[in-house]
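S.K.: So the chains spell out like this:
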Amino acid sequence: MDRMKGMLVFAAFLLMAACSPAEEGEGTRIVSLMPSNTEIIAELGLEDELVGVTTEDDYPESVADDGDLPRLDTFELDEEQLIGLEPTHIVAHEASAGMHRELLDRVSETTGAEVMTVEEARDIEGIYESIRQIGSFFSVEKDAEGVISGIARDLGDLKGQYSAEETRAAFIHISDQPEIYTAGGGTFMDDALSWINVGNVFDDMEGYPAVSAEDIVERNPDVLVSVMGLDDDALGRSVSDTPGLQGMAISDPENQCNINPDLLTRPAPRIAEGLRQAAECVYE
Amino acid sequence: MNKHIIILVAVILMTATASVFAGSASLEALDDDQLMSIVFGIRVPRILFAFVLGAALAMSGAVFQIVLRNPMADSFTLGMANGAVLGSALVVVLALPLYLQPVMSIMCGITGMLIVLGAARRIDAGYRPETLIITGVLLGAMLSGILYILVLIQPDKTESIARYMFGSMAGATYGDALVTAVLAAVSGGIVHKYGRQLDLLNLGDARAFSLGVNTARLRVLLLAAASIPPLVAISFSGIIALVGIIVPQMILYFKPLLFRPLLILSCLYGGLYVLFIDTIGRTIMAPVQIPTGVMVMISAVPLFIFLMQKRVLTHRQ
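One line per chain: the protein sequences are A and B, in this order. Each residue of the first sequence is one higher than the last, beginning at 1 in this note's numbering. Each residue of the second sequence is one higher than the last, beginning at 1001 in this note's numbering.
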């Protein structure tokens, strides 16, 4: 009889466990809807709790190489897929909040998940703020401060190393003609480059403006910092195929810096690494 | 007539000169190298390409309208423009050599036209102008759907969808202008040579035939000759629509003309129109550049509706 009772209790436990895996204790299940958020979450030591990332996520390697980790298309977010992941925490981003707000509200109602929207970082301080925000969301504030001081130390080193150099004016190359997009003032990349003493020729324009080739000629940048993710040859061709740029300083491959866009465009902990690469290219 | 042409050429030269000095960068503050880069590297090739593109589109439109006896025929309404950009994108997606781009554009453009002509004829034995434009625009929408899938599959290689759907003169080179100009000149020479026969074609096939015109052969030859310059130009620029309809039809609205003078005036007005509208597009909101195709659409559709309301476009010629 006791044995019977024991089995019943055991079976009941199994059933309960099957019904609500998310609510039972250890199961923090995080879905990250932005690669930069994923990088911050991983840096805070929470990568094992990730149960869903975006199709664009490729860092850290444990996330990139995990073929079983479900991936969501942020541009066409699949509500059913998201609910199926049974998240307890969803980390969204201001950039896509307008697109996702109602959907996330519904998912949150269905699954009971907490949703946090990380604000867009407009400068390096903004990255620290994002890290703090995510840290407090998961109650790992101490780890967050640790990550921040690590980044601040690396950036401080970089600043010290290059502050004596002559300021170079850069053109930030985001996309090709005919719609040449760049980063203007008040953007994260504009502020980040100032840490390595690199100016932005379009810092008088706000946000991410589309500019014409003649605006680039007029502002006559010393270097081109490309975050298009092209290879060096393709970047050279892209510049030489843009009418008007042929005679300029940036048409010289020496003055073309091809930086891994993931490092420099994501407001995430690897920014110091991206800036180090940019500085090495600009000054050496 | 000659006086008209002389005045028109003077206006074109003045517009082109003004266009050289208009732009988002102000020329006074620049050093010589920058000035040369902006004027001769960017603005002059763009002005030349805008002019020859407009001339090629208007010329081919005038020919299509007579050959098909349909005032709404043009590279856009015949499904050719969408076909051409699809061909251009296919070369990129299939990783074919880039010099094949104009060839593929011509092939896909002409295929698009044949589908539209075939379908329109089956739908409507009376072959009304509206049937053609609806068929052509629908096929164009379908082809842009296919193009969108190509862009989705290979976003890294293909250019943005906007680049294809709204033609732009940014990035125009002397090479683009030269190739288009040579093709337009050759094709213009051919259609000009057959100008008298085209006028006879306007009288109806039976009468033209009885006056010694081999109508079937003439149609194929002139359609082919008129197709190639705009298709190649579109493969460089993206879709620029409706220029081929509104330019010749506006000219005819003010004054009925025989084919040869219509051809010459269409080239000049077409070139002037695209040049003018592109200059506005790149300066009015500078440094933001409005794509040429968008400016043309915004300005051409009201004219198009005006012509429809005046019954210019809805009757067979």
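None of these hints come from the bench; they were simulated from the model. Warning: the hint list may mix true and false statements.
As the list claims (entries may be wrong) - Some chain A residues close to chain B (C-beta under 7 Å, calculated; not the full set):
no.: 1; residue: PRO178
no.: 2; residue: VAL211
no.: 3; residue: GLU218
Claimed, not checked - Part of the chain A face toward chain B, derived, beta carbon under 8 Å:
no.: 4; residue: GLN177
no.: 5; residue: ASP215
no.: 6; residue: THR242
no.: 7; residue: GLN246
no.: 8; residue: GLY247
no.: 9; residue: MET248
no.: 10; residue: ALA249
Stated by the list, open to error - Some chain A residues flagged as far from chain B (calculated, every beta-carbon gap over 10 Å):
no.: 11; residue: ASP58
no.: 12; residue: ALA64
no.: 13; residue: PHE137
no.: 14; residue: VAL140
no.: 15; residue: ILE148
no.: 16; residue: ARG153
no.: 17; residue: TRP195
no.: 18; residue: ASP203
no.: 19; residue: MET205
Every residue gets a Cβ at the ideal spot worked out from N, C-alpha and C, and that includes glycine.
S.K.: State for each hint whether it applies.
M.R.: How the hints compare with the structure:
1. PRO178: Since chain B brings a Cβ to about 4 Å from A/PRO178, closer than 7 Å, the hint holds.
2. VAL211: holds (5 Å)
3. GLU218: It holds, given that the least Cβ distance between A/GLU218 and chain B is near 4 Å, below 7 Å.
4. GLN177: holds (4 Å)
5. ASP215: Because about 5 Å separates A/ASP215 from the closest Cβ in chain B, which is inside the 8 Å limit, the hint holds.
6. THR242: holds (7 Å)
7. GLN246: holds (6 Å)
8. GLY247: holds (5 Å)
9. MET248: holds (7 Å)
10. ALA249: violated (10 Å)
11. ASP58: holds (14 Å)
12. ALA64: Per Cβ check, A/ALA64 is outside 10 Å of chain B; nearest 18 Å; holds.
13. PHE137: Check passes; 32 Å lies beyond 10 Å.
14. VAL140: holds (36 Å)
15. ILE148: The claim stands: A/ILE148 keeps its Cβ more than 10 Å from every Cβ of chain B (closest is about 34 Å).
16. ARG153: holds (36 Å)
17. TRP195: holds (27 Å)
18. ASP203: The assertion about A/ASP203 holds, with a minimum of 14 Å to chain B.
19. MET205: It is violated; A/MET205 is separated from chain B by about 8 Å at its closest Cβ, not greater than 10 Å.
Checked against the numbered hints above, the structure breaks hints 10, 19 and satisfies the rest.
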